[in-house]
Amino acid sequence: MSAKTLYDKLWESHEVRQNENGTSLLYIDRQLIHEVTSPQAFEGLRMNGRAPWRTGANVAVPDHNIPTKDREKGVEDSVSKLQIDTLASNTHELGITNFDMSDPRQGIVHVIGPEQGITLPGMTIVCGDSHTSTHGALGALAFGIGTSEVEHVLATQCLVQEKSKNMLVRVDGKLKAGVTAKDLILAIIGKIGTAGGTGYAIEFGGEAIRSLSMESRMTVCNMTIEAGARAGIIAVDETTIEYVKGRNFAPAGHEWEKAEKYWRTLHSDEDASYDETIVFEASEIKPMVSWGTSPEMVAAVDGVVPDASDPAKAEQIGNALKYMDLESGMPIEDITFDKVFIGSCTNSRIEDLREAARVVQGQKVASTISLAMVVPGSGPVKEQAEAEGLDKIFLEAGFEWREPGCSMCLAMNADRLEPRERCASTSNRNFEGRQGQGGRTHLLSPAMAAAAAVEGHIVDVTKYYEN
Amino acid sequence: MQKFTSVNGLVAPLDRSNVDTDAIIPKQFLKSISRTGFGPYLFDEWRYLDHGEPGQDCSNRPLNIDFVLNQDRYKGASVLLTRENFGCGSSREHAPWALLDYGFQVILAESFADIFYSNCFKNGILPVVLSKQQIADFFDAVEANPGYTMQVDLESQTITDPQGKVTTYELDEYRKYCLINGLDEIGQTLSYQKEITAFESKHLEQNSWLFKEVR
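These protein sequence lines are chains A and B, in that order. At position 374 of the first sequence the residue is numbered 374 (the numbering used here), and the sequence of numbers has no breaks. Numbers in the numbering used here are just positions in the second sequence, counted from 1, shifted up by 1000.
Extracted from the complex, chain A is given alone in its bound form:
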């Protein structure tokens, strides 16, 4: 038998049938559902008189629209409220578990999945959300789908899919102190581009990836879609097993032993071949900051805003600089901010908050920053942070400490930028208008965002890690 990649193994173990046209019918173990991309899927199911294939495979949570403060007032925006209520009624009607706003487990769908053990190694996982790639960090095949496919999975527990090609992104060496998973993935996207992974499943490997915690691996896989690949995967190892053990919905006892034995096989065979391999040296990576309107438009913290001299990219860069109101040649460290956002499915887990708090401790948010906010990824993350006193560190520095949700990553709730406001953001997309119409987003790590909040502009956070 020929050597297989992890992606091949996950794919083959879920293939119900191979169709004559080269597609496969793939069995889906887990579907995560949120309020934005599901109402039309439930409606379609109803209109066609179909029932869910396996109700228990689905778990729902409202996160995109949810308010992050004054929750006792309920959802004030009536359009958002209707969408959240629709999720509640649809899931209630079909008997699907929904972690609603009053549930202590509520949070961002891609945070709560791994946190609760709802998403596990070896699973196929889908969600009507492109950042479903996050769950690949556990050695699962996880990818985002559209609403029609949400309905398809509800009705059949399967999807018709064409197999992707295999790409290996190998990161050798060690990251420097203060350089995080976020910097790593931004550097990777900067190199391969936002379409570099189109048509591929990307496996991340190498010493630097192996050394990452589970939460950092989630940050890397989360932004795989920003490199164009629907799925990012990391092999199961000791870190994965330790992370999953004891989670609420993880197996226990004899079942755990059986699962663990299987999960430990979830890695690529040594002589497996990839359609494409790209190698990075971790020690060369510096803290990264995006300067433009696409996640590939990034520069190292000691760099400058690029010029538009490359004729192939001149128009794109020109458009981006105009929107961002930046000049070519300007040092990245001279970028100043109006707002700071620490949160999102990329960077709102406990380790992210610890990193940010470490930088913020004993400091004050710069007077030029009108709003600095921390939005924990879930109820349990918030609770843990409060138990460690992180909330006090942020509050004393002048940050706002909010309730869990997607918040200002995409500004579907009340948290948003005003036109021309500039934000240091730990989220994943710097598209035009993403955080509010006319708003300007600079993507960076939680530690970099914290340092930017304190100093009012971009600074190289690695200096906080000296000594």
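Since the hints were derived computationally from the structure, they do not count as laboratory data. Remember, it's a predicted structure, so these values are computed and weren't measured experimentally. Incorrect hints may have been included.
[To be verified] Once the Cα atoms are required to be at most 25 Å apart in a straight line, the calculated BS3-like pairs of lysine-lysine come out as:
#: 1; chain 1: A; residue 1: Lys163; chain 2: B; residue 2: Lys1075
#: 2; chain 1: A; residue 1: Lys261; chain 2: B; residue 2: Lys1212
#: 3; chain 1: A; residue 1: Lys9; chain 2: A; residue 2: Lys258
#: 4; chain 1: A; residue 1: Lys174; chain 2: A; residue 2: Lys364
#: 5; chain 1: A; residue 1: Lys191; chain 2: B; residue 2: Lys1132
#: 6; chain 1: A; residue 1: Lys4; chain 2: A; residue 2: Lys258
#: 7; chain 1: A; residue 1: Lys176; chain 2: A; residue 2: Lys463
#: 8; chain 1: A; residue 1: Lys191; chain 2: A; residue 2: Lys174
#: 9; chain 1: B; residue 1: Lys1212; chain 2: A; residue 2: Lys4
#: 10; chain 1: A; residue 1: Lys286; chain 2: A; residue 2: Lys313
#: 11; chain 1: A; residue 1: Lys69; chain 2: A; residue 2: Lys364
#: 12; chain 1: B; residue 1: Lys1075; chain 2: B; residue 2: Lys1003
#: 13; chain 1: A; residue 1: Lys9; chain 2: B; residue 2: Lys1194
#: 14; chain 1: B; residue 1: Lys1202; chain 2: A; residue 2: Lys261
#: 15; chain 1: B; residue 1: Lys1194; chain 2: A; residue 2: Lys245
#: 16; chain 1: B; residue 1: Lys1075; chain 2: A; residue 2: Lys9
#: 17; chain 1: A; residue 1: Lys258; chain 2: B; residue 2: Lys1075
#: 18; chain 1: A; residue 1: Lys261; chain 2: A; residue 2: Lys245
#: 19; chain 1: B; residue 1: Lys1003; chain 2: A; residue 2: Lys9
#: 20; chain 1: B; residue 1: Lys1132; chain 2: A; residue 2: Lys258
#: 21; chain 1: B; residue 1: Lys1176; chain 2: A; residue 2: Lys165
#: 22; chain 1: B; residue 1: Lys1132; chain 2: A; residue 2: Lys313
#: 23; chain 1: A; residue 1: Lys163; chain 2: B; residue 2: Lys1202
#: 24; chain 1: A; residue 1: Lys4; chain 2: A; residue 2: Lys165
#: 25; chain 1: A; residue 1: Lys165; chain 2: A; residue 2: Lys191
#: 26; chain 1: B; residue 1: Lys1194; chain 2: A; residue 2: Lys163
#: 27; chain 1: A; residue 1: Lys165; chain 2: B; residue 2: Lys1132
Given chain A, put chain B in place with the hints provided.
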């Protein structure tokens, strides 16, 4: 699903790469629980000078006259011509819904983002991938000829320009089959019900933990 056979329509050029789904349909419109009505908000932030909200009447909103779709010569276009990596970003199917509701049935690009590409086929939109040169040539032709139309045919996989010049394009056979027949893909999958059930019971036996109830 809506069938697609052939479109003969006006071509509108959107000369940008990496057009993301946030640009195609901004997030505030995603709050709708319906599949229709997104057309007036397509490219909302580029198309209008003010901030749009769901349910808003767009007939009196200030237009950005620099935006290509606001030019009279492109009114009523059903073919969108654009550059590379169209539809990148989020998985929102609201993007193809908005394009279709506006009137676009065909999108010609150098490349598409994966999820968007797949979403098009579920909604009767034909996304066509052409070479960089072919796309550049069409941009030149559209620019030079007001009222430029083309015939895009699915069965023969051809694009015919007003002079009768034919360009062929590649397309996956299965996707073509689904689109041309307006196939109910869920119904198609359910025809394999027995195979799914058989797979599921074997899968359950091997990986019982996957079927643990989440409450």
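The hints, checked one at a time:
no.	hint	result
1	A:Lys163 with B:Lys1075	violated, 39 Å
2	A:Lys261 with B:Lys1212	holds, 18 Å
3	A:Lys9 with A:Lys258	holds, 18 Å
4	A:Lys174 with A:Lys364	violated, 32 Å
5	A:Lys191 with B:Lys1132	holds, 21 Å
6	A:Lys4 with A:Lys258	holds, 22 Å
7	A:Lys176 with A:Lys463	holds, 11 Å
8	A:Lys191 with A:Lys174	holds, 19 Å
9	B:Lys1212 with A:Lys4	violated, 29 Å
10	A:Lys286 with A:Lys313	holds, 24 Å
11	A:Lys69 with A:Lys364	holds, 22 Å
12	B:Lys1075 with B:Lys1003	holds, 24 Å
13	A:Lys9 with B:Lys1194	holds, 24 Å
14	B:Lys1202 with A:Lys261	holds, 18 Å
15	B:Lys1194 with A:Lys245	violated, 35 Å
16	B:Lys1075 with A:Lys9	violated, 50 Å
17	A:Lys258 with B:Lys1075	violated, 62 Å
18	A:Lys261 with A:Lys245	holds, 13 Å
19	B:Lys1003 with A:Lys9	violated, 36 Å
20	B:Lys1132 with A:Lys258	violated, 52 Å
21	B:Lys1176 with A:Lys165	holds, 21 Å
22	B:Lys1132 with A:Lys313	holds, 14 Å
23	A:Lys163 with B:Lys1202	holds, 22 Å
24	A:Lys4 with A:Lys165	holds, 12 Å
25	A:Lys165 with A:Lys191	holds, 19 Å
26	B:Lys1194 with A:Lys163	holds, 23 Å
27	A:Lys165 with B:Lys1132	holds, 23 Å
In this structure, the hints that do not hold are numbers 1, 4, 9, 15, 16, 17, 19 and 20, in rising order.
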